[in-house]
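With the hints as constraints, model all of the structure from the sequences given.
Counting from 1, position 123 in the first sequence corresponds to residue 123 in the UniProt record's numbering; the numbering is continuous, with no gaps.
It is worth saying that the hints were derived from the structure and are not from the lab.
The beta carbon of each residue, even a glycine, is placed where N, CA and C say it ideally should be.
Hints are not guaranteed to be accurate.
Said to hold, decoys possible - Taking lysine to aspartate or glutamate pairs in the DMTMM-like style, the calculated list, with each CA pair at most 25 Å apart, reads:
(1) LYS120 <-> GLU11
(2) LYS120 <-> ASP143
(3) LYS140 <-> GLU11
(4) LYS140 <-> ASP124
(5) LYS140 <-> ASP19
(6) LYS120 <-> ASP13
(7) LYS140 <-> ASP127
(8) LYS140 <-> GLU150
(9) LYS117 <-> GLU11
(10) LYS117 <-> ASP44
(11) LYS117 <-> GLU103
(12) LYS140 <-> GLU129
(13) LYS140 <-> ASP44
(14) LYS117 <-> GLU129
(15) LYS140 <-> GLU84
(16) LYS117 <-> GLU95
(17) LYS140 <-> ASP13
(18) LYS140 <-> ASP126
(19) LYS117 <-> ASP89
(20) LYS140 <-> ASP31
What the hints assert, rightly or not - Pairwise CB distance ranges (calculated):
(21) THR51 <-> GLU84: 29 to 37 Å
(22) GLN26 <-> ALA151: 21 to 29 Å
(23) ALA96 <-> THR27: 24 to 32 Å
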Amino acid sequence: MSQSIWLFKTEPDVFGIADLMNAPNQTAAWDGVRNYQARNRLRDEILVGDTVLIYHSSCATPAIVGEARVTRSAHPDPTQFLPEHPAYDDRSTREAPRWFQVELQFARQYPSPISLKQIKQNPDFDDMELVIRPRLSIQKVTDQEYLLIEALCQSMGVSA
DNA sequence: GCCAACGTTGGC
DNA sequence: GCCAACGTTGGC
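Encoded structure:
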């Protein structure tokens, strides 16, 4: 069985990699996803053991900042049932939940984040979802792209 | 804060 | 089911 690689976008002001690191057991539910395509991937494709690249958006330097592991597969996102919650959805019922979450555990923080700028500048990433469909919040990462990111990470970790 | 891209909603 | 209006995302 082969694991898949994903990229989850998040706003560090709301819930960033530091929050995941500091969470109990360094584990947290990835809630609040309210886009059908992202939902379908969460629900149907993302498995325990998959690797997730954590990407920070809407911040000074948008970048991939580290990695996490999926520790629980899709189950209903409880925030859809909370009327006071910003991600509340009154069309959702407990019998037919509309939105799902997975659980992630912190794996590592990169010594130096890999910025969106770097990724866009490198033609090796021209076909990456992050470049082609930047608004999708749950993205697929190919094995090839992952290897390139690992290599970039390695080279940046070594002081010049 | 601007604005382009794009997802969602709802009238018809 | 089309499509215009509208809302959201997110880089810059």
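Which hints from the list above does the structure break, by number from lowest to highest?
10, 11, 15, 16 and 19
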